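Each chain is listed here by its residues.
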Amino acid sequence: NAGVTQTPKFQVLKTGQSMTLQCAQDMNHNSMYWYRQDPGMGLRLIYYSASEGTTDKGEVPNGYNVSRLNKREFSLRLESAAPSQTSVYFCASSEWASGGPLEQFFGPGTRLTVL
Amino acid sequence: SQKIEQNSEALNIQEGKTATLTCNYTNYSPAYLQWYRQDPGRGPVFLLLIRENEKEKRKERLKVTFDTTLKQSLFHITASQPADSATYLCVGTGNQFYFGTGTSLTVIP
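So the sequences go chain by chain: A and B.
Using my numbering, you'd call the opening residue of the first sequence number 1 and step up by one each time.
Using my numbering, you'd call the opening residue of the second sequence number 116 and step up by one each time.
Be a bit skeptical, because a hint or two may be false.
Here are the in silico distance ranges between beta carbons for each label pair [said to hold, decoys possible]:
1. K132(B) <-> S80(A): 44 to 54 Å
2. T7(A) <-> Q129(B): 38 to 48 Å
3. A194(B) <-> L69(A): 39 to 49 Å
4. M41(A) <-> L177(B): 22 to 32 Å
5. S80(A) <-> E175(B): 39 to 49 Å
6. G156(B) <-> Q22(A): 11 to 21 Å
With a straight-line cut-off of 35 Å between C-alpha atoms, the simulated DSBU-like cross-links for lysine-lysine are [claimed, not checked]:
7. K9(A) <-> K174(B)
8. K186(B) <-> K170(B)
9. K178(B) <-> K71(A)
10. K57(A) <-> K174(B)
11. K57(A) <-> K186(B)
12. K14(A) <-> K71(A)
13. K57(A) <-> K172(B)
14. K132(B) <-> K186(B)
15. K170(B) <-> K118(B)
16. K57(A) <-> K118(B)
17. K57(A) <-> K14(A)
18. K71(A) <-> K57(A)
19. K118(B) <-> K71(A)
20. K174(B) <-> K186(B)
21. K178(B) <-> K57(A)
22. K118(B) <-> K14(A)
23. K9(A) <-> K118(B)
24. K186(B) <-> K172(B)
25. K178(B) <-> K118(B)
26. K71(A) <-> K174(B)
27. K174(B) <-> K118(B)
28. K174(B) <-> K132(B)
29. K57(A) <-> K170(B)
30. K9(A) <-> K57(A)
31. K118(B) <-> K132(B)
32. K172(B) <-> K132(B)
33. K71(A) <-> K9(A)
34. K172(B) <-> K71(A)
Don't read these hints as lab results, they were simulated from the structure.
Because the structure is a prediction, the values reported are computed rather than measured.
In this text, a Cβ means the ideal position worked out from N, Cα and C, and glycines have one as well.
Take these sequences, add in the hints, and give me the full structure.
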């Protein structure tokens, strides 16, 4: 099993360009997440999908859109990239219980630089 | 605002000693607290989950506690080893979920 995979691993964009980050999981999890990680800020939730067909905003959704393509895949789109979106992006998946997400499995991350 | 707080200062301990990391939560009542390990350049890896109705959970050399009165979780690594050196993240989950900024642990041989 590959677990959670993300593409691309690295990306450099110019301000205003758009791009989509891809994420796939092979653990048959219902829930998937997108986080960004910045120095000194910790992991912050951008969007999540508790189950196929649903998506919800997290702590920092502005400037991003998501698509839960099917149970396996959850993509993150930057429509018009800004330097403030320079970050490391992590995708994760898990099962969901009454108390929220259970053990989350993370991908290797995408390092994005916006010039 | 709702928040998960971890000591941002790095923790250095001698090999063989017990490392204790602290996670406090404010304006928030998480149903679960989870602990993850993160190595440089990698995604976090799950270690332990404790529910609000559990006082303590153990897994091998790891122990986590959940004190709803103090609004705090403690994470212990006993008989620490240099391989335990990493950043440890606390996350509270419930209706929303928040990660702390992590505590960097260095175990000195």
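Results for each hint:
no., hint, verdict
1, K132(B) <-> S80(A): 44 to 54 Å, "holds (51 Å)"
2, T7(A) <-> Q129(B): 38 to 48 Å, "holds (42 Å)"
3, A194(B) <-> L69(A): 39 to 49 Å, "holds (45 Å)"
4, M41(A) <-> L177(B): 22 to 32 Å, "holds (26 Å)"
5, S80(A) <-> E175(B): 39 to 49 Å, "holds (48 Å)"
6, G156(B) <-> Q22(A): 11 to 21 Å, "holds (20 Å)"
7, K9(A) <-> K174(B), "holds (33 Å)"
8, K186(B) <-> K170(B), "holds (12 Å)"
9, K178(B) <-> K71(A), "holds (34 Å)"
10, K57(A) <-> K174(B), "holds (33 Å)"
11, K57(A) <-> K186(B), "holds (26 Å)"
12, K14(A) <-> K71(A), "holds (32 Å)"
13, K57(A) <-> K172(B), "holds (31 Å)"
14, K132(B) <-> K186(B), "holds (26 Å)"
15, K170(B) <-> K118(B), "holds (21 Å)"
16, K57(A) <-> K118(B), "holds (17 Å)"
17, K57(A) <-> K14(A), "holds (25 Å)"
18, K71(A) <-> K57(A), "holds (18 Å)"
19, K118(B) <-> K71(A), "holds (30 Å)"
20, K174(B) <-> K186(B), "holds (22 Å)"
21, K178(B) <-> K57(A), "holds (33 Å)"
22, K118(B) <-> K14(A), "holds (33 Å)"
23, K9(A) <-> K118(B), "holds (30 Å)"
24, K186(B) <-> K172(B), "holds (16 Å)"
25, K178(B) <-> K118(B), "holds (23 Å)"
26, K71(A) <-> K174(B), "holds (31 Å)"
27, K174(B) <-> K118(B), "holds (26 Å)"
28, K174(B) <-> K132(B), "holds (17 Å)"
29, K57(A) <-> K170(B), "holds (32 Å)"
30, K9(A) <-> K57(A), "holds (24 Å)"
31, K118(B) <-> K132(B), "holds (30 Å)"
32, K172(B) <-> K132(B), "holds (20 Å)"
33, K71(A) <-> K9(A), "holds (22 Å)"
34, K172(B) <-> K71(A), "holds (32 Å)"
Checked against the numbered hints listed earlier, the structure breaks none of them; every hint is satisfied.
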